[in-house]
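Q: Build the complex from these two chains, which are given one at a time in their own frames, with help from the hints.
Chains as they are written, first to last, in our numbering: chain A, 1 to 217; chain B, 1 to 286.
Derived by calculation from the structure, the hints in this document are not laboratory data. Treat the hints with caution; some may be incorrect.
Here are the simulated lysine-lysine pairs, DSS-like style, with alpha carbons at most 25 Å apart [stated by the list, open to error]:
hint, chain 1, residue 1, chain 2, residue 2
1, A, K214, B, K20
2, A, K17, B, K129
3, A, K16, B, K129
4, A, K2, B, K196
5, A, K2, A, K108
6, A, K16, A, K76
7, B, K215, B, K270
8, B, K215, B, K150
9, B, K196, B, K150
10, B, K215, A, K17
11, B, K100, A, K76
12, B, K270, B, K196
13, A, K16, B, K100
Coverage of chain A stretches by chain B, computed from C-beta distances (three or more under 8 Å per stretch; other residues unrestricted) [claimed, not checked]:
hint, segment
14, 84-92
15, 203-217
C-beta atoms are modelled at their ideal positions from N, C-alpha and C, and glycine is treated no differently.
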Amino acid sequence: MKGLLIKDLYSLNALKKTYLLFLVLIVGFVAFLDFDSSYVASTLSMFVLMTSTTCFNYDEAYKWDAYGITLPLSRKQIVAARYLLGLGFTFSAGVISLVLSSLISVIKQEPAGWLINLLTTIVVVFIIGLLVNAVSFPVAFRYGAEKARYAMMFITLGPFLFFIIFRDSVTTPLLNFIASTGENFGIYLLVGFLLATLLFYVLSFFISNKVYQKREF
Amino acid sequence: MENAIEVKNLRKEYNNFCLKDISFAVPTGSIVGFVGENGAGKTTTIKSMLDIVHKDAGSITLLGHDSTDVAAAHADVGVVFDESSFNFLITATQVGNIFKNVYKTWDAAYYQELLHRFGLGTGKKDIIKNYSRGMKMKLSLAVALAHRPKLLILDEATSGLDPVVRDEILDLFLEFIQDEQHSILFSSHITSDIEKAADYIVFIHQGEIILNAPKDELLSMYGVVHCSKQMLQQINPALVVGMREGQFGVEALVNNRTALTATDEMLVEKASIDDIMLYTIRGNRP
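Excised from the complex, chain B in its bound form (with noise of 0.2 Å):
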């Protein structure tokens, strides 16, 4: 199977929102980083994968599977939203228990070892209610995990974790990578995350892709010119994809560095995935 999950002319209306046809793919044993501002459409696009809402047009495969095979497809297929899912009146032993029953392919010994390694407490007085926010989300990935999925689909996981409990679980996403089989599609405004374990990016802004490629091309092309606004005129237009004018001068994103030289008066800086959301979003065109 070449692609994990492939999207095409996807379309969601609402009243106040629409996602356009939106088209992208999630090759296999690759991690693909789902960026873009609140309400972009992230979580509509995951949404409408996962059969929580209904498309209106287009269609979506998730592991050859199509839209009318869902329960089929959901066996190979990991979920953390942002938000723990399980009641917070039960114990990490009774959350596998529930799911020991729900997936044929629950692997116990691995989800007590998820568990211990993430430091969770199996005994009858922890309760969910007692965890942190970090340790709410590590048990939503371990059971995630331990039914050994071919694909984790991410909605803002790490969304409000602290620096070290992101890096391990982001750790574990590369873990889980090693096996070229395994995908990842990894929703997040956290782009330090996105540009730490992402193999491509996928960039969404009002309901339309406006960026879809591997992430080292992306980083290796995009600069961030800082230079005088009589300076920025000289560039070749087409290669401007947002400025800003500041009190020294202009910095605009450039989606191809190594056509422009830099000298004294034009200083050409590697862009961030941050920079290339925050230009296109919200820098004006010269």
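If we strip away everything but chain A, and leave its shape as in the complex, we get (with noise of 0.2 Å):
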């Protein structure tokens, strides 16, 4: 499994001077433009959503996942490996987020109370990052990484049309109830909604498992 993570980060290794241009770009426009440090977190998450797919289409394009069947691994074990990454690159990327952005909070002064904001956003990143991959991990490894893109696609816009299609209904007054709860209330939200995406990350290797045993290539 192992060798199997280390093609993935060579992979993905091919393509660090794009990340790192990303990367500079990302910490440049928060850094010297009026923009909120969290920014950092949210644009990276985009980066973890694009390194799976991207890792997924590589294998297709290069007809890799016919050959890796061929190794003395199971099917089981080459699906591991991809949940694996997938939850080292979300993880990584909020460990980055942290870094990043705190340096700039400390540097650009500003106003307290913006680590509190900053991990928040880190963990509502991380939730996200788990969930589209959850979503699109069981696709790609039943239909290929084209249909997971759609499925990303799906799931990353999905839940911010509904709220804004149901803005007046659902979105503001289920803020105004958070909000009314007090603080503690919204940590517990957060806690309960990271356990429960860890959950169904777990669910969904399985279900990924259980369709990449059928699959032919």
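A: Structure follows, in structure tokens:
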């Protein structure tokens, strides 16, 4: 399984210049323009989502899938490697965001409370990253990278559009309710979402494993 | 172990194609040439063996392991497909680092030796994208060999390569087979490669095995007869596999040329694997 992780990291390493340039641009925008430092976290999450699909795209382009099955690895290990990579990248994006955003906040002398604000953003981004992977991975393992991209768009844009469309009937009353319950409730809600997402991620692994067992190349 | 691969009554059905309960074996210590036209079922058979597609019926044993124990069997199998499966943006050294962490028996020194022997650059700038097709196949072969497998399975590995590279690769096969515990299943539609390297020929056509015999036996028994149509009718029909009519007479493939006596009116020549394939697939029955 370690070999598969190294393979994906090498593949992504080939794109490191693009990624670094992107990172410098984000940090530059946030540091020198009037952006909240937590924007680094939300923008970096886009990276995470792109890297996961990039790995599936590479596997398809180089016909790795069929070859991978000829290795002394079970299909379950192949699926597990991709889930570990997804988790690792989401976590790394969180850590990188935390470090960069904290530095920017300190340098820009942002108002008190920036750390709580930043941590909240990072946890939300972490949840979104895992959710998107949890939805798109089974689709990728069953139907390939192209369809997984649609699933990713759906899970990314779907809730966003929902809350925009139902702003008056759902979003505003929901936000008012959360605000009225006090600070602690918000934290419990976030932790609850995080745990539920982690559970969903594990469940998604089992679904992917099941569909991949039947997949033919 | 008597057979490195045993395929018994393998069936795999698709909408427009079916492997029809095929059976054959790859004896340990031998090279089996798996021949047939494009679409005959060679790749489907190999994919079924390697669990890339799931068989509908029958049994497959690789190095004594059945389908329930696939990963264990794959530890001792090296596989080369007709195309390189590695990311074009990485180097041969990075490929080695990947597989070092996949195979427990990976021999890094031997891998380097193979890369050197094949003239494959290992520098940071030598990414696979810059390799020719022949170099990519050599890299695939180096990976397939560097974990010291007992069995090589090659699906059209020499297709699209020039004769020099093909010859180099065939020499490596012959070197690999020097160890009597090693075996090769080698699928190709380039019959000259099969003729050069194989000990046995398995011929598949439209999802059925229509010939399975030692190569030398085939080449010593089969013959092509050139004669008139009237003369062909005098030959025992059981001997004639297929025939083609030309402007100056007929040509027919016979399965036992020693049973015929050449005359001035009837020329009998040795048949090549190409002849056997062509007359069996496209020849008419007399």
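Q: None of the hints should be skipped; say for each whether it holds.
A: Going through the hints against the structure:
1. A:K214 with B:K20: holds (21 Å)
2. A:K17 with B:K129: Roughly 18 Å separates the two Cα atoms, so the pair holds.
3. A:K16 with B:K129: holds (17 Å)
4. A:K2 with B:K196: Answer violated: K2 of chain A to K196 of chain B is near 40 Å, above 25 Å.
5. A:K2 with A:K108: violated (41 Å)
6. A:K16 with A:K76: With a Cα-Cα distance of about 29 Å, the restraint between K16 of chain A and K76 of chain A is violated, given a limit of 25 Å.
7. B:K215 with B:K270: Judged against 25 Å, a Cα distance of about 13 Å means the pair holds.
8. B:K215 with B:K150: This hinted pair holds, its Cα atoms lying about 22 Å apart.
9. B:K196 with B:K150: Roughly 21 Å separates the two Cα atoms, so the pair holds.
10. B:K215 with A:K17: Violated, because 55 Å separates the two Cα atoms, which is more than 25 Å.
11. B:K100 with A:K76: holds (20 Å)
12. B:K270 with B:K196: The given pair, whose Cα atoms are some 16 Å apart, holds under the 25 Å limit.
13. A:K16 with B:K100: Cα-Cα ~23 Å, so holds.
14. 84-92: violated (count 0)
15. 203-217: The restraint on the segment 203-217 of chain A holds, since 3 of its residues have a Cβ under 8 Å from chain B and three suffice.
Violated hints, listed in ascending order, are 4, 5, 6, 10 and 14; each of the other numbered hints is respected by the structure.
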